[in-house]
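Each protein sequence line maps, in turn, to chains A and B. Residue 140 in our numbering sits at position 140 of the first sequence; the count goes up by one each step and never skips. In our numbering, each number is its position in the second sequence, counted from 1, plus 1000.
Hints are computed from structural coordinates only; laboratory data are not their basis. Don't be surprised by glycine CBs; every beta carbon is placed ideally from N, CA and C. A few of these clues could be false.
Under the rule of at most 35 angstroms between Cα atoms (straight-line distance), these lysine-lysine pairs were calculated in the DSBU-like manner [unchecked claim]:
(1) B:K1027 with B:K1177
(2) A:K201 with B:K1177
(3) B:K1177 with B:K1193
(4) A:K201 with A:K130
(5) B:K1062 with B:K1193
(6) A:K78 with A:K130
(7) A:K201 with B:K1193
(8) B:K1239 with A:K201
(9) B:K1239 with B:K1177
Here are some of the chain A residues that sit facing chain B, going by a computed Cβ distance under 10 angstroms [claimed, not checked]:
(10) I111
(11) A114
(12) M115
(13) F129
(14) N132
(15) G136
(16) S177
(17) R181
(18) T185
(19) R192
(20) V200
(21) F203
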Amino acid sequence: MSGRNWLWLPILCLVLLLVALVPLTESRYAVFLGTDILIHGLFAVSLNLLLGYTGLVSFGQAAYFGIGAYTCALLMKKAALNFALAFAAAGVFGALSALLFGFFCVRLTKIYFAMLTLAFSQIVWVIAFKWNSLTGGDNGFVGVPFPQNLDSAVRFYYFTLAVVVVSLVLIRQALISPFGRILTTIRENPERTEFIGINVKLFQLIAFMISGFFSALAGALFGIFNHSVFPDILFWPASAEVLIMTILGGMYSFLGPVVGAGVLLYLRMQVASYTEYWPLILGLILASLLFFFPGGIVGFIQDRLGRLRRKP
Amino acid sequence: MILSVEGVTKAFDGFVAVREVSFSVEKGELCAIIGPNGAGKTTLFNLITGHLPLDRGRVVFKDVDITRLRPHRICRLGLGRSFQRTNIFPRLTVFENIQAAVLVHRGRSLDFFTPVAALFREESEAILESVGLRDQGRTMSGSLAYGFQKQLELGIALASQPELLLLDEPTAGMSAKETSATIELVGRIAREKGLTLLFTEHDMAVVFSIAERILVLHQGRVITTGSPEEVRANPEVQKVYLGETRCS
C-alpha cells in the first residue's frame, strides 16, 4: 500500500503541474477543453462516491449538476447576489435537494433506487423546461456573467482548477476516513453492515448529500463557463454521460472518473469534427470497455503495473 | 436472564413458520437450537435480530423490548450474530473487515477526517489472532478459503463485543476437520469472554459436545427443551429428529 503511494505521488504532482501549465500554450481550445474536463471530472468523482464507493447506481445525477448551475446563475443575475455567495448557495441547495430526493431513494434498493433517482431528475428537468419566466425554458437562461476578477477564460480556468483540486482533496479525505470505510462495507454487503451497528440508510443518505453538494458545485462552474444554462444539462442523457465517464475511467480508483471525463470529452471533440456518428462511436467504446476492460482505463493500468511488479 | 422470547409467531403467506415460540436464555449459557430443515430456526433468528417483522409476540434483551427495533439498534445493544450464508465484505482485506466493526463499536463511524488506516490496529489484530486469522490480515477476504471466511465472520461479530452471540449454523458446509476446529474455537472464545451463546446447528455431535441446554424446534414449535441428556432421552425428539438424521 505505502509502496504504491510512493510511486503515485510524484506522478500526481507532475500531472498537476502540467494541468496548471495548460494556459501557457495560449491555445483557447486547450483552455476551453481543460476547463470542461476539470468540471466534469469533479462531477464524475462526486457520482463515483455513490457508484464505486457506496454501491449506489444513481441514474439521475444530472439533477444536482443542473440545480447547481441554475441556482448559481439565477442568484447572480436575478438576485444580483455576488458570485461567492451564489456559488456557495448552489452547493448547499444541491445538498438539500439531494436530502429531499435521497430520503425517498434510499428506501429502495438496486434497480428501483436507480429508477427513482432518474424519476426525480426528470421532474427537475420538466420544471426547468416549463418554468419559462424563471429559467427561460427551452431558450435557456443566457447572459450569465463571468464573476468579477474571473473575467477571462484563463482566470476562470485557474479558479476552476483550484475549486476542483480542493473539492477532490476533501472528497478523498472523507473516503479514507472511518466514514468512507463504512461506505465501502455498505457497497460490499449492506445487510452485514447493518449488523455491525450501522444505520445503512442514514449513511447512504449522507453520501447522497455529499455527492449532491459537489455535483452542484460542478454545475455552478459549468453555468458560468458557458455563460448560460440550458435544461439539456438536466435531461437523462446527461446523467448517462457522467455514468459512462465514471465507468470508462474506472470506478474502483479515486481519480479514474477524472481520466474518464478527460478521454470522453477529448474524443467527442475530435470525433465530432469528422463525423456526426459520435453516439455510434461512444456505443462501440462502451461495449468494448465492458467486455475487455471492466475496471476501466485506470483499473487496466493498475492491473498491468501490478503484474509488472510481481515479476522479478 | 439475558434474552426472553415470548409467544413469537411469524407466518409467510399463510404458512406458519414460527408458532407461539417462547424460551429464555440465561447469562453465560451455551444454548443450542436444533430441528430438521424447515423447522424455523433461521426465521426465529431473523425475528430476534430485527431482520424480519414478527406477527405476534415479544422479544426482550437485557430488559429492553427489542421487538420493533431495527437491526443496527439491536446490534448496538450488545447482540451480535453470524449468518448461515457467509456474510463478509469480500473486496476488503481481512483486517479491514474486522476494523470496520471495531470502528462502529468505538463510535467513530461518523468521523470524516481521520485517516482510517492507523485506527484501532492493535484491537483489530487481537481479534484476528483470537479467531486464528493472524497471518491472513492482508488477504482479500473474498479469496479466503471457506473455513477461514466463517472464522472471519465470527471475528466480525466479536468485534462489536456482544454479550449475546447468535450463530446460525457456524459449521455449515465445513469438512469434519474444519467443524471440530471451529467448534473448539467458538467454545474457547465463549468461555474466555463470558459470552452467552445461542446457536443453531445441524451436526448432532457438535451440539452435544458444547451445548449446555438444547431447544428442539419442529414445524415452527418448541417441542422440548433441556440438557443434552434429557433431549437425547426424549422419545418425541427421537421420533422427529434424531431418527431422521440417523437414517440419512
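Exercise. Is the hint on F203 of chain A kept, meaning its closest Cβ partner in chain B is under 10 angstroms away?
Worked result: This interface hint holds because 8 angstroms falls under the 10 angstroms limit.
Exercise. Was the hint right that R181 of chain A lines chain B, CB cutoff 10 angstroms?
Worked result: This interface hint holds because 5 angstroms falls under the 10 angstroms limit.
Exercise. Does K1177 of chain B pair with K1193 of chain B here, judged by a C-alpha cut-off of 35 angstroms?
Worked result: With a Cα-Cα distance of about 24 angstroms, the restraint between K1177 of chain B and K1193 of chain B holds, given a limit of 35 angstroms.
Exercise. Any CB of chain B closer than 10 angstroms to the CB of S177 of chain A?
Worked result: holds (5 angstroms)
Problem set entry | Straight-line alpha-carbon gap K201 of chain A to K130 of chain A, limit 35 angstroms | Holds, at roughly 33 angstroms.
Exercise. Taking 10 angstroms as the limit, does the beta-carbon of V200 of chain A come near enough to a beta-carbon in chain B?
Worked result: With a minimum Cβ separation of about 7 angstroms from chain B (threshold 10 angstroms), the hint on V200 of chain A holds.
For this session: Report holds or violated for the interface hint on M115 of chain A, using the least CB-CB distance to chain B and a cut-off of 10 angstroms.
Result: Violated: closest Cβ of chain B sits about 25 angstroms from M115 of chain A, beyond 10 angstroms.
For this session: With chain B as the partner, please determine if A114 of chain A meets the hint condition of a C-beta pair closer than 10 angstroms.
Result: Nearest chain B Cβ about 21 angstroms off; hint violated.
Exercise. Any CB of chain B closer than 10 angstroms to the CB of G136 of chain A?
Worked result: violated (38 angstroms)
Exercise. Taking only the CA atoms, is the gap from K201 of chain A to K1193 of chain B under or equal to 35 angstroms?
Worked result: holds (32 angstroms)
Problem set entry | Status of the hint placing N132 of chain A at chain B (closest C-beta pair under 10 angstroms) | violated (41 angstroms)
Exercise. Should the hint that I111 of chain A touches chain B count as held when the rule is a Cβ pair under 10 angstroms?
Worked result: violated (21 angstroms)
Consistency with the previously given hints fails for numbers 2, 8, 10, 11, 12, 13, 14 and 15, ordered from lowest to highest.
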